[in-house]
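So the protein sequences, as listed, match chains A and B. Residue numbering for the first sequence follows full-length UniProt numbering, starting at 1 and increasing by one per position. Residue numbering for the second sequence follows full-length UniProt numbering, starting at 1 and increasing by one per position.
None of these hints come from the bench; they were simulated from the model. Treat the hints with care, since some could be wrong.
Taking CB as the label site, the calculated pair distances span [to be verified]: (1) Ala134/A - Pro154/B: 27 to 35 Å; (2) Ser135/B - Gly196/A: 46 to 54 Å; (3) Ala271/A - Cys98/B: 49 to 57 Å; (4) Asp94/B - Ala45/A: 47 to 55 Å.
Glycine included, each C-beta is placed from N, C-alpha and C at the ideal position.
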Amino acid sequence: MKDFAYLRASSCDEATTEALEPATRFLGGGTNLLDLMKLGIETPARLLDVNRLDLGVIEELDGGLRIGATVRNSDLAADPRVRRSYPVLSRALLAGASGQLRNMATTAGNLLQRTRCPYFYDTDMACNKRTPGAGCSAIGGFTRYHAILGASDACIATHPSDMAVAMAALEAVVEIEAPGGARRHVHLADFHRLPGDTPHIETCLEPGDLITAVILPAPAGERQIYRKIRDRASYAFALVSVAAVVRMEEGRIATARLAFGGLAHKPWRDAEVEACLEGEPPSDDLFDRAADRLLQRAWGQGENDFKIPLTRRILTAALREATGGMA
Amino acid sequence: MKTTLTINGEPREIEAEARVTLLDALRHEIGLTGTKKGCDHGQCGACTVIVDGRRINSCLTLLCTQEGAEVVTVEGLGEPGRLSALQEAFLAQDGFQCGYCTPGQICSATAMIEEAAKGWPSWVSESLEGEAVLSREEISERMSGNLCRCACYPNIVDAIAKVAEARMAEAAE
Ligand SMILES: Cc1cc2nc3c(=O)[nH]c(=O)nc-3n(C[C@H](O)[C@H](O)[C@H](O)COP(=O)(O)OP(=O)(O)OC[C@H]3O[C@@H](n4cnc5c(N)ncnc54)[C@H](O)[C@@H]3O)c2cc1C
Ligand code: SF4
Ligand code: FES
Ligand code: FES
Chain A
1 MKDFAYLRAS
11 SCDEATTEAL
21 EPATRFLGGG
31 TNLLDLMKLG
41 IETPARLLDV
51 NRLDLGVIEE
61 LDGGLRIGAT
71 VRNSDLAADP
81 RVRRSYPVLS
91 RALLAGASGQ
101 LRNMATTAGN
111 LLQRTRCPYF
121 YDTDMACNKR
131 TPGAGCSAIG
141 GFTRYHAILG
151 ASDACIATHP
161 SDMAVAMAAL
171 EAVVEIEAPG
181 GARRHVHLAD
191 FHRLPGDTPH
201 IETCLEPGDL
211 ITAVILPAPA
221 GERQIYRKIR
231 DRASYAFALV
241 SVAAVVRMEE
251 GRIATARLAF
261 GGLAHKPWRD
271 AEVEACLEGE
281 PPSDDLFDRA
291 ADRLLQRAWG
301 QGENDFKIPL
311 TRRILTAALR
321 EATGGMA
Chain B
1 MKTTLTINGE
11 PREIEAEARV
21 TLLDALRHEI
31 GLTGTKKGCD
41 HGQCGACTVI
51 VDGRRINSCL
61 TLLCTQEGAE
71 VVTVEGLGEP
81 GRLSALQEAF
91 LAQDGFQCGY
101 CTPGQICSAT
111 AMIEEAAKGW
121 PSWVSESLEG
131 EAVLSREEIS
141 ERMSGNLCRC
151 ACYPNIVDAI
161 AKVAEARMAE
171 AAE
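Okay, chain A solo, but in the shape it has when bound (with noise of 0.2 Å):
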C-alpha cells in the first residue's frame, strides 16, 4: 500500500474543509477503502478519520430514526428499535459480509462502498470507472455479476450494497454536511447515479462532502421482507436481492416500495411496478404484470440472462410473503 498522511478530524467543519485539499478520502471502517488500496486502485495521499466524530448514535426523530454515520453495521442491524420497526434493515444487514466486517463498516461507508466487478478489481485490465475512457473489460466478458437494468456502453457494473436495497425501500434520506457547515437532504434514491457515459461518478456527493446520517422516516405498519439469491448460503454478495415494503388495507395493497439489489448501478427502484400494484388485490397474475413491467427493459450479457426470470422469481416470492400468502 502506498504511503499516505494520516488525519483524525475533531469536527465536522474541519472534516469537510480539510476534505477539499486533492487526493484526502474519509476513513470510515476502512473495509472497502482499505482493500481497494492495498491493490492500488485507490491512491489517497491522505486519510482522514472520521470515526471519532460525534456520528455514532442511533437517535429517534419525527417518529423515525437518525442513524448517525459512524454507527456500525452490527449495531445498527441489533438495535432493538430497527429489530422492531425496520426489520427489513436489520435482514439486510445481516445478509451482508461477515459479523467480523459488520463490526467495522459504518452506515456512510457502506452506502459509498464501490462495485465489486471483478475488471475494476483487476488494475491490468481496461476498466471505465478506474480510468474514464479507458474501455469496459466487462462487456463481452465474464459478466455473472453484472446488471440487467440501467446499464450503459461504458459500464455494467452492479452497487454491492444490502443495505442501501432496504433503505431504498424505506424511502431513507441521507443527510450530508458541504464544506461551510450547510447540510442538505437527499432521497437515498436519488443518492447513486446510473453509470451513463460517467461511471466514474457513482453519487451525488460534491468535493468535500461528508455524510453525517442516515434518516428513516416513521413505520406506517407495513410488512417488510428482504430475500437475497446468492452463489453460497453466507458471506458472499447478491445475484439479486429484494426489499418489499407492503401495507394491506381490507384485503388490497394500499402502498408497495421494492428495491431490487443486484440489479444495476444503484438500488433499483421503478414507481411504474409499483403504482401498478397499488390499489389492487393481490394475485399471482397481478405480481406478473409488475414482474413484466419491472423487467420490461431488462438486458442480459448471456451469461446473467439468469437474472431476468429469478427477479421475476424472486419478486414474485416477496410478493406472496408481504401481501400474506404463502411464498
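We have chain A already, so just place chain B with the ligands on it with the hints.
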C-alpha cells in the same frame, strides 16, 4: 507515527508508518504471530482479533486508528496450562487439521458467543426479537466470516456448540 494501545493487557507504544495494518503490527512489530494472514483482504477471517470486546479483521484495520484500543489476540485468550474454554474445546473436538485458521476461528467464536448472549440475531434467526439460540445452523451462519481450507467445519461447530451451550445457560440465569 506513534500509537499507544493495550495488547493482551499490556500497554504498548508502537512507532510505524500510517499504512501499517494492525495485523502486520501484531506479527512484525510485537512478534505475536498467533494471528494469521490468510488473504489480507477481509475474505477469510484468519486475522480475526478482539478489539474493545468486538471481533474484527485486523488486516483491514490500520494500527494508527487504534489509539487507546484494547486488543486481545489468541495468545491473550489463554496459554498452555490455562487454556480458554474454546481453546480446550477445539483440542477436544479436533477442530482443526493444519491449524492455520484456528486462531481466527477461536477469537471469532469467543466474541460471537458474547454477541449471541447480548441477544443479537443473525440472518438465519427465525425471529429478530427472540432469544438467540446457538443451533448448529446459527453457529455456521455467525461463523461464516472464518473460512477453513481443511474444511474442519463439523468439528469446529461441535467445539463452539459445547462452549456456547454452557455460556447461554449462564446468560439465561
Ligand atoms: C469479503 C467481503 C464481503 C462483503 N460482503 C458484503 C455483502 O454481502 N453485502 C454488502 O452489502 N457488503 C458486503 N461487503 C462490503 C462491506 O459492507 C463494505 O466494505 C462496508 O460496508 C464499507 O463500510 P466502511 O465503513 O468500512 O467503508 P470505508 O472503507 O471506510 O469507506 C468506503 C468509502 O466511503 C467513504 N466514506 C466513509 N465515511 C464517509 C462519510 N461519513 N462521508 C463521506 N464519505 C465517507 C470513504 O472515503 C470511502 O470512499 C463485503 C466486504 C468484504 C471485504
Ligand atoms: S462494468 Fe464498469 S466497473 Fe466493470 S470493467 Fe466495465 S467500466 Fe469497469
Ligand atoms: S487475512 Fe484478514 S480476512 Fe483474510
Ligand atoms: S485447519 Fe487448516 S485451514 Fe482450518
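We went through each hint and held it up to the structure:
Between Ala134/A and Pro154/B the CB atoms are about 47 Å apart, so this pair departs from the stated range of 27 to 35 Å. At about 47 Å, the beta-carbon gap between Ser135/B and Gly196/A stays in the expected band of 46 to 54 Å. Look at Ala271/A against Cys98/B: about 54 Å separates their beta carbons, and that is inside 49 to 57 Å. Range check, Asp94/B to Ala45/A: Cβ separation about 50 Å, and the 47 to 55 Å hint holds.
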